[in-house]
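Number of protein chains: 2
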Amino acid sequence: MHFKDALPLQSGASIRAYDLSYETYGVLNADKSNAVLICHALNASHHVAGVYLDESGQVQAKSEGWWDSMIGPGKPVDTDRFFVIGVNNLGSCFGSTGPMQINPDTQTVYGADFPVVTVEDWVDAQARLLDALGIQTLAAVMGGSLGGMQALAWTLRYPDRVRHAVVVASAPNLNAENIAFNEVARRAITTDPDFHGGHFYRYGVLPKRGLRIARMIGHITYLSDDVMNEKFGRQLAPTLVAARTALPPEGADLARGGPSLQSQAPTLVAAPSPFKYSTQDVEFQIESYLRYQGDKFSEYFDANTYLLITRALDYFDPASAHGGNLSLALATASAKFLLVSFTTDWRFSPARSREIVKALLDNQRDVSYAEIDAPHGHDAFLLEDARYLGVVRSYFNSKVAV
Amino acid sequence: MHFKDALPLQSGASIRAYDLSYETYGVLNADKSNAVLICHALNASHHVAGVYLDESGQVQAKSEGWWDSMIGPGKPVDTDRFFVIGVNNLGSCFGSTGPMQINPDTQTVYGADFPVVTVEDWVDAQARLLDALGIQTLAAVMGGSLGGMQALAWTLRYPDRVRHAVVVASAPNLNAENIAFNEVARRAITTDPDFHGGHFYRYGVLPKRGLRIARMIGHITYLSDDVMNEKFGRQLAPTLVAARTALPPEGADLARGGPSLQSQAPTLVAAPSPFKYSTQDVEFQIESYLRYQGDKFSEYFDANTYLLITRALDYFDPASAHGGNLSLALATASAKFLLVSFTTDWRFSPARSREIVKALLDNQRDVSYAEIDAPHGHDAFLLEDARYLGVVRSYFNSKVAV
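Protein chains in written order, with the working numbering: chain H, 5 to 406; chain W, 5 to 406.
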């Protein structure tokens with residue numbers, strides 16, 4: 005979808021003519037009351053559900069949408085009933101206007117000149133997409149992690165246009181530790197000599213070293229201690245040569261987006277060997293897994309997009325305009341809410357979701373809350389878990405009228 | 005202390021003639037029964053207590069030893085009673101033989117050719133130092149974090165030479181998450197173009213970018229979520245110019261070693277400003293703090309030492325030779341033990357200390373255990389905390405005879 009009018013941004017800047025990539029699933033009903041907007045997190049896209057077919061009509065390998073377990077015919081968010089919209093955010097690198105594209109003012113690639121966008125800016129851009137689709141009111145807006153922040157922002161910025169908000173594994177703002185992890189990842193990228201101040205495109209290089217480190221840090225924080233111990237523990241890695249043989253093709257899971265245990269490290273193809281006594285070679289399986297994830301990510305993700313999206317996470321803080329009082333901040337919201345958190349998520353812990361629940365209850369809002377006992381850490385919001393999917397299914401079945 | 009005989013290493017390699025830097029405090033008694041060996045963690049040194057004087061006899065600023073709150077006259081480890089030895093480990097960069105020094109075989113700087121050393125290798129080297137000092141048996145061996153691993157290894161490798169072991173904020177091995185953090189830090193260093201495969205000394209450069217990232221990651225994991233929120237929260241940083249004015253001199257706390265909240269970020273010298281809406285400038289105080297800590301560390305710490313010491317952490321696992329059974333592994337130990345952990349330490353959690361306690365109890369060993377409710381995370385082992393220092397004081401007063 006192309007938008008001709010400039011979008012004013014929270015920073016005071018604006019984005020001139022821009023495009024948003026989006027996908028839809030299911031059928032918009034006659035009174036346009038069954039639309040569900042899905043907001044994505046750091047490295048996902050508009051491709052939230054379903055698969056892509058190749059020219060011969062065959063399903064493309066690993067082309068499932070990043071929330072395909074959640075959304076589709078007969079699934080918790082049932083596309084036989086709802087008209088679901090996935091949209092790629094401004095500044096991302098999967099089709100919507102972002103740093104890799106041409107700045108109409110200069111006719112050169114935006115790079116580091118792409119304006120800083122916030123969660124609220126994304127919501128404004130999504131609202132324009134709904135305008136263009138003729139949808140006044142969403143049956144629900146839904147997202148996990150940073151996507152949950154967008155869902156929350158929708159209820160504050162456009163309270164009359166949202167009937168339900170489903171906020172999964174999210175938080176009312178990032179705490180210091182989360183900002184810290186984002187900052188280390190950003191510094192790894194910006195201090196990579198191939199970053200060139202964000203204008204690396206001109207030099208024909210990519211700051212892959214930095215992107216690899218950023219992704220490795222991210223992966224550690226998406227997983228729980230428990231699941232890392234269970235999956236990798238102190239197991240030794242096979243030799244690198246053997247491991248490389250076992251890898252899927254580079255970038256194979258590009259379309260999925262989203263951090264996931266489902267995109268696994270190479271399987272163990274050789275018996276554990278004794279230590280190599282090396283500081284630079286891989287010794288442990290967890291090292292092999294992280295290097296592989298880092299390498300893969302650096303092949304497809306844009307470095308400037310990584311900076312922009314982590315900054316949007318840092319900035320989000322609806323309570324800040326109300327002296328830090330979240331209850332005051334959420335008084336604007338009139339939607340009904342479902343909040344979901346996961347017990348082992350230390351990046352967006354249940355305590356942060358409970359802050360939102362409490363602030364909504366302070367305002368006598370209708371709020372359901374489920375704390376799912378799941379071992380997978382923050383990653384759990386992308387994975388199949390019967391209790392988690394069951395809660396969302398129940399909510400949409402029993403509470404979300406169309 | 006110079007050692008003429010080669011030291012055989014666990015890897016099968018050996019280190020030819022080598023030096024160990026050490027300091028002592030207090031007086032060795034006539035029957036040499038009051039020696040306490042202090043083992044250091046990642047980035048500390050032999051300078052565990054006391055201060056240095058300059059040429060005019062004045063105390064040098066920030067020259068306190070890294071465990072000065074613990075060790076000294078009248079302190080928990082009382083140097084009026086004990087003869088305390090601090091030793092810098094092989095492979096470190098504070099005086100003992102390490103990667104920055106000349107390889108006698110090649111007459112060039114070791115760099116990446118310095119052999120990989122393990123916790124057990126360090127213990128062997130420390131035992132030789134005790135031999136040279138004429139000390140057969142230690143009243144106690146003591147350390148925190150990686151230093152605690154050395155204390156534990158002492159009780160297994162030289163059970164007849166240790167009467168007490170004090171193991172603080174440590175673990176019987178690293179779990180997958182800890183190995184993962186080490187690996188990301190190592191990759192940041194080894195993929196820095198200035199690393200040159202570890203032979204950067206030849207090129208007249210230092211892999212400072214990688215060291216900065218490594219240190220930033222380390223700092224996040226040394227602190228608890230709670231203390232980061234309390235100390236930094238979402239507070240905005242002053243401008244960089246103002247912040248730099250407030251900085252102490254570069255490398256001022258070099259001698260202290262050890263991660264510590266006591267070496268603080270610049271104080272806030274300007275009123276909080278609104279967002280700059282920038283992905284590359286500092287916005288939040290936590291970013292300023294981490295950048296400062298990273299910059300400072302990169303000025304004084306050797307990159308190859310960082311790799312070696314994190315690898316020693318990864319490798320340590322006394323249970324591995326016993327099919328993973330820690331109780332079997334600790335059957336060799338005959339020392340009495342004090343274990344201490346801190347409730348908010350998520351890098352070396354109380355659960356890991358309890359594993360050691362349980363394995364010692366399985367062997368009917370004499371073990372005391374204190375779990376200190378402290379807010380500071382892993383860093384707590386280096387900080388002044390009345391309950392923590394009180395426990396150690398009581399143990400040394402009531403149990404450690406000389």
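Some clues are possibly wrong.
Identical copies look the same in the list; a pair holds intra-copy or inter-copy alike.
Claimed, not checked - Result set (DSS-like, lysine-lysine): computed pairs, CA atoms no more than 30 Å apart in a straight line: (1) K8 with K280; (2) K280 with K212; (3) K340 with K403; (4) K212 with K79; (5) K362 with K66; (6) K235 with K362; (7) K79 with K66; (8) K66 with K340; (9) K340 with K280; (10) K340 with K36; (11) K403 with K8; (12) K66 with K235; (13) K79 with K280; (14) K66 with K280; (15) K235 with K403; (16) K403 with K212; (17) K403 with K79; (18) K403 with K280.
Source of the hints: derived by calculation from the structure; they are not laboratory data. Bear in mind the structure is a predicted one, so any value in this text is a computation, not a measurement.
We went through each hint and held it up to the structure:
1. Only between protomers do K8 and K280 lie at most 30 Å apart by alpha-carbon distance; the minimum there is 27 Å, versus 59 Å within a single protomer.
2. Both within a single protomer and between protomers do K280 and K212 lie at most 30 Å apart by alpha-carbon distance, with minima of 27 Å and 27 Å respectively.
3. Taking the shortest alpha-carbon separations for K340 and K403, only the intra-copy value of 9 Å comes in at or below 30 Å, while the best inter-copy value is 62 Å.
4. In this assembly of identical chains, K212 and K79 lie within 30 Å of each other by CA distance neither inside one copy nor across copies; the values are 38 Å within and 50 Å between.
5. When the C-alpha separation of K362 and K66 is checked against a cutoff of 30 Å, the pair qualifies neither within a copy, at 40 Å, nor between copies, at 46 Å.
6. In this homomeric assembly, K235 and K362 come within 30 Å of each other (Cα to Cα) only across copies, at 25 Å, whereas the closest approach inside a single copy is 35 Å.
7. Taking the shortest alpha-carbon separations for K79 and K66, only the intra-copy value of 19 Å comes in at or below 30 Å, while the best inter-copy value is 62 Å.
8. Taking the closest pair of Cα atoms, K66 and K340 never come within 30 Å of each other, the shortest separation being 35 Å inside a single copy and 56 Å across copies.
9. With identical chains, the CA atoms of K340 and K280 are never at most 30 Å apart, being 57 Å at best within one copy and 34 Å at best between copies.
10. Taking the shortest Cα distances, K340 and K36 sit within 30 Å of each other inside one copy (19 Å), while across copies they are farther apart (74 Å).
11. In this assembly of identical chains, K403 and K8 lie within 30 Å of each other by CA distance neither inside one copy nor across copies; the values are 37 Å within and 79 Å between.
12. In this homomeric assembly, K66 and K235 come within 30 Å of each other (Cα to Cα) only inside a single copy, at 22 Å, whereas the closest approach across copies is 44 Å.
13. Taking identical chains as interchangeable, the C-alpha atoms of K79 and K280 are never at most 30 Å apart, the minima being 48 Å within one chain and 43 Å between chains.
14. Taking the shortest Cα distances, K66 and K280 never come within 30 Å of each other, neither inside one copy (35 Å) nor across copies (40 Å).
15. In the homo-oligomer, the alpha carbons of K235 and K403 never lie at most 30 Å apart, since the shortest distance is 37 Å inside one protomer and 42 Å across protomers.
16. Taking identical chains as interchangeable, the C-alpha atoms of K403 and K212 are never at most 30 Å apart, the minima being 46 Å within one chain and 56 Å between chains.
17. For the identical chains of this complex, K403 and K79 are intra-copy neighbours only, at 16 Å inside a copy versus 64 Å across copies, given an alpha-carbon limit of 30 Å.
18. With identical chains, the CA atoms of K403 and K280 are never at most 30 Å apart, being 58 Å at best within one copy and 42 Å at best between copies.
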